[in-house]
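Mind docking chain B on chain A? Use the hints.
Protein chains in written order, with the working numbering: chain A, 2 to 717; chain B, 2 to 717.
These aren't lab readings, by the way, just hints derived from the structure by calculation.
Be careful, since some hints might not be right.
Because identical chains cannot be distinguished in the list, a pair is counted as satisfied if it fits within a single copy or across any two copies.
What the hints assert, rightly or not - Straight-line alpha carbon distances no greater than 27 Å define the calculated DSS-like cross-link-like pairs of lysine-lysine that follow:
1. K666 with K555
2. K386 with K572
3. K680 with K492
4. K666 with K583
5. K354 with K680
6. K667 with K633
7. K222 with K354
8. K633 with K661
9. K633 with K649
10. K355 with K35
Protein chains: 2
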Amino acid sequence: MKIMNEMRFSNLALNRLFHPRTIAVYGASENTNKIGYLQLKALLDGGFEGDIYPINPTSKKIAGLTCYKTIEDVPKEVDLVILCIGINHVENCLIESAKNGVKAAIIFASGYSEIGSEGIEAQNRLKKIADQYNIRIVGPNCVGLLNTTNGLMGTFSPGLTNIPLGKRREVGFVTQSGAFGVLTYIAAAQRGLTFNYFVSVGNEVDVAFTDVIEYMLHDSKTKVASGYLEGEKNPEKLRELANYALEINKPIVIMKSGRSSAGSRAAASHTGSLAGADNIYDGFFKQTGIVRADDYDDIISFSKLFSSGKLPAGRNTAIVTSSGGRGINEADRCASYGLNIHVLNEQIQKAIKKNIPNYASAVNPIDLTAAAAITNPELFLEPLKILANDPETDTIIFTEFPMNWDENTPSLQEFVRICQESDKFIFVTTFPLEGMSIPKGTQYLEDHGIPVITGDLNPIRGLAKLVDYSEAYRKAKKEKAQPKQNVKITKNIRHLLPENRTLSESQSSEVLAEYGIHTTKHGVADTEEKAVQLANEIGYPVVLKIDSPDIPHKTEVNGIRLNIASDEEVKKAFQEIYESAKKHCPEANIHGVSVQEMLPEGIEVIVGVTTDPTFGPVIMFGLGGVFVEVFKDVSFRVAPITREDALKMMEELTGHELLKGVRNKKPVDQEAIIDVLLKVSTLVQDYRDDIKEIDINPLIVYENGVTAADALIITK
Amino acid sequence: MKIMNEMRFSNLALNRLFHPRTIAVYGASENTNKIGYLQLKALLDGGFEGDIYPINPTSKKIAGLTCYKTIEDVPKEVDLVILCIGINHVENCLIESAKNGVKAAIIFASGYSEIGSEGIEAQNRLKKIADQYNIRIVGPNCVGLLNTTNGLMGTFSPGLTNIPLGKRREVGFVTQSGAFGVLTYIAAAQRGLTFNYFVSVGNEVDVAFTDVIEYMLHDSKTKVASGYLEGEKNPEKLRELANYALEINKPIVIMKSGRSSAGSRAAASHTGSLAGADNIYDGFFKQTGIVRADDYDDIISFSKLFSSGKLPAGRNTAIVTSSGGRGINEADRCASYGLNIHVLNEQIQKAIKKNIPNYASAVNPIDLTAAAAITNPELFLEPLKILANDPETDTIIFTEFPMNWDENTPSLQEFVRICQESDKFIFVTTFPLEGMSIPKGTQYLEDHGIPVITGDLNPIRGLAKLVDYSEAYRKAKKEKAQPKQNVKITKNIRHLLPENRTLSESQSSEVLAEYGIHTTKHGVADTEEKAVQLANEIGYPVVLKIDSPDIPHKTEVNGIRLNIASDEEVKKAFQEIYESAKKHCPEANIHGVSVQEMLPEGIEVIVGVTTDPTFGPVIMFGLGGVFVEVFKDVSFRVAPITREDALKMMEELTGHELLKGVRNKKPVDQEAIIDVLLKVSTLVQDYRDDIKEIDINPLIVYENGVTAADALIITK
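Excised from the complex, chain A in its bound form (with noise of 0.2 Å):
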């Protein structure tokens, strides 16, 4: 409910930045060099709809335009002030529009937080100037903002001016980085994407990378909203908006730049040297249904892809193609993304034979060969007639379609009304386009929500995209059919969690133990004798093991005996422990030695959280051992976790399949592996503030039931 209410307001401002009817350009200029006569230049190809007022002190006419020498002259009422002005300006020019009534702007520049403290600072005079007067600014440090269905160019970049338009602008773009905003745009129109909205948001002094996703989000006409994204500020509205996106069905595609740099962090835990902010994006992404971009190409070929409507309703694709080695490619492309290249069934096959040259092939891909798109092109109707009935289909490819058709060609139209009117997910793939000459055949397709993806086999990846996207938001929607399964816990144990401290393991364990995860049978020993006594309780055989806030990795400490079946050797492994952890650590707090029992084998994995800058705990899952120290096979995802996650976590390790049982093996308990990752995930909610991180290394998965062998707790 909170969110919706803040959208309204915030909607409300920034349409003032989306749809201004008037606006003032700072700084405007008669010189060609300089971005005032760029910027209004722009404004004036770009027809923009409403008013325009140059201010400059020392201009009479600009471009044809009477020139004011201030705001105040102004005869209108200015909604959008663009300030093409250097930063010792821009303070006095900025208070003098507000107090005029202006409610938004966009400040292009430099010399802000991006240069260190001096700019921090007046980038924090700029935050209050917004604050007290309650304009939204975009910027500084920005390349602008396109609204393309109003004429509202706010940019001074001339790669973004001069650009065709084309028919269909359905796809909002926000991007952290304004040269790559720039070449995204310029790709995409190339491709014959125009996007509706464009913003740079800059230093983000006031208007964020996730208003503009809201505002997208409650925009009719957007149908994607797509963005760039160096570092996100605020993950929790992001979240909250992709719950509520997956709700309306408009898919958010992002590229977040910075993948390799993992950051090297001095943890503790296992899970602390294992999260990168990469993999954290890369779980919190999958969790909350945002479709991941890698470059500005799938930018592209996604939204395209996303922005037809259409959901495909499964995995089984078929590709007809007039090039064999280019069929052969998208199919390998297919399987390695996890899509079927099913073959299709004997009378289907032999209604397309029927339709097609005997030198053609009807298996898939069907292969209609290269003399069928230059001789007979309207053989790519064949196909498409009988696959768009076939029920085991959920999409198709045409790839290599004809290029020489246009909006007069029969074939086309027939083509067009077929895909319109089947419910099969369909999009073309061709040949590169020449620049900007986009073949008319092409535009009729794209004007009629057709998709063509022009260029290599990227689109295989956005169609593998589009699937697991399509299975979220069916999932989502299913999930919010039924009541949350969510663990409820909440029990008060904040005394086990003293401030800034590593616990032992037997008070971790007692953390864990509390909040319904099964432990080992276990007590603390500090002399031989209590230990012996411990050991004949447990049972034998048991485990001896250090127990010292200070001694987090007992093996390097060599603090660790295993199945041990005497009193008399546990008296022997008592002194030994003892004795090692002093001389190793002789300034570590000894709690004692702590006894348990041996538990049998099972499979090891580890459970564990992070704190994470941005995002707060994070939850990781990976097989135990070296599978986790050298294969690093792990999952992330942002606390809160549903079942849902949960169950991804485990799916998505490679060696998944250990759990399943393998060399004769059963498979072990994931439901019970499933409860402890919600536990814990509730335990780091309700602790949010007093955990820092956890490892349980190993958690021992049995057939039936789990049992944490051992638990390492940092508290902040």
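Then chain B, alone, in the frame of chain A:
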């Protein structure tokens, strides 16, 4: 030596194809819908340097050229005929041509091997004609052959004609798919890369994929030989060519399709079941230094980088950019491909800082900001001047280069001069181009040998491949300088390899032992008493295993007992194993029970051999147990392998670290693994007609030495 002679022969013959003085076009036509018209027009428009003779019994003149009824009427000797005629006329025309001294032909017609048995017969007849009359044939079922350096546009495909030609034409391209080849040709031209040769080999009745590669390797004007491959029939030749190419430092770039069609073979060995066509090709490309491309984008960008003639000295890469976002992306991508975005040393940073604005960043990536690109593009020169003399920098990437420069811009001229004088590998990445209108500045850079790569991030993959190639090239050079240290054994063990059998473990071990591979001490007992006697000879503890050629997977019949410590236990185990095997496999021929020493714990690996229908014996290496079963962490090479290959096979495993010692363990004896791999390679080379599959699973590796703990050999 053999290959060199063959080359001279085939190159002489192919020369007629690529450099004919006269061409006759069978089926030349005035009907603009016929390929006979399109072909003639292509030759005329292409400005072919020699004489062109249309052949058509019913026309007098076509397109201004005198038409001839038959080839006998043509006044000059014809070097090349292009058959634009249906399959029914092909054989007659071909024979007629050959009788009139024609040495080469291009056949477009379809209806040959691609349509099945009838077509195969027709194709065999073509083969006969080629051999009998000594005429070289390109095709049938192909798109044709181009030589863009002499106007030989031997094609009917409108996609290939009327494409402007770039100035530098130093990359050749051969394709097994016509349509995919056309697509690649167009895309390459759009990005400023014009192939010098383009050959669509079609059904390869005569001129094969490798023949064209061979021709390009010997052609002094070709700097890179590239190709699109669906399946190579002569891998031996490709291997020899690849070795030769590495020797003369002329990279071969191949896109191999069929990545995912791993194919499911019924194989008794683990190795056989894991060997897919694709990972064998992958191994083959790695060991031969062939650069694998994944898409036509790769072919283009790799070829551009590789044809520059320079090789990066190492992995240190500096990025100079006008887009911070793009810089970060490229840096990320570099890291993920193992390239190093090195921290520039302080002196270098200081020097750069001095010459760029204060808001620009001098750390790597060096971000000059978008403002620089627009208002002050000559800033790009400053970091170049400094980095060109930085001994720590190997490669410099200039990204988002100012595109409004042209050949008269002094800064661009100086840029080129510095690049040419520098030993650094330098290239430019930039905005996607607008179709054929390549900016003048880009053209100027390309003309001066500085690659400009437009579009997405794949140049970074290209750079990584180039660095790998450079390393392979330098290694090949070094290896050539040293004598080859190969394992030479060649023992007569044919009697141990009876035809078409699955050998029992002890039989398989014997074969391995003959080739110097350390196996377990063992003997086969057919009675309890014999088993006890063997156990005492070997020394306790021992292992008992069922020994039968009919039971390759002993665990499945409960046929293994480990850690047996006494005579009594031996007797019991013998009984149980024998009975269990009899029960599970009543038909099996049981040799007895193998009594073996119980090996101490070590790291388990798998060494295997499978026979590939294309490549023959292929060697596999992987980590044992679940690593091979679940993670499929294995590597392949085609036999015979070198020491270097064996080393790389270990290094490329995800779990390679396990061999180097983790969790307080010492590193294992990697030299001993290499020794086994080389011995196995020699064994299967010596007996390639006898051995079909080998599994050594596990081979147990210790700190010193290895032991084959189990073995399986299947013969042909």
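Do the hints match the structure? See the list:
no. : hint           : in the structure
1   : K666 with K555 : between (30 Å within a copy, 16 Å between copies)
2   : K386 with K572 : neither (82 Å within a copy, 72 Å between copies)
3   : K680 with K492 : within (12 Å within a copy, 64 Å between copies)
4   : K666 with K583 : between (41 Å within a copy, 23 Å between copies)
5   : K354 with K680 : neither (57 Å within a copy, 53 Å between copies)
6   : K667 with K633 : both (24 Å within a copy, 20 Å between copies)
7   : K222 with K354 : neither (42 Å within a copy, 47 Å between copies)
8   : K633 with K661 : both (19 Å within a copy, 16 Å between copies)
9   : K633 with K649 : both (17 Å within a copy, 21 Å between copies)
10  : K355 with K35  : between (66 Å within a copy, 25 Å between copies)
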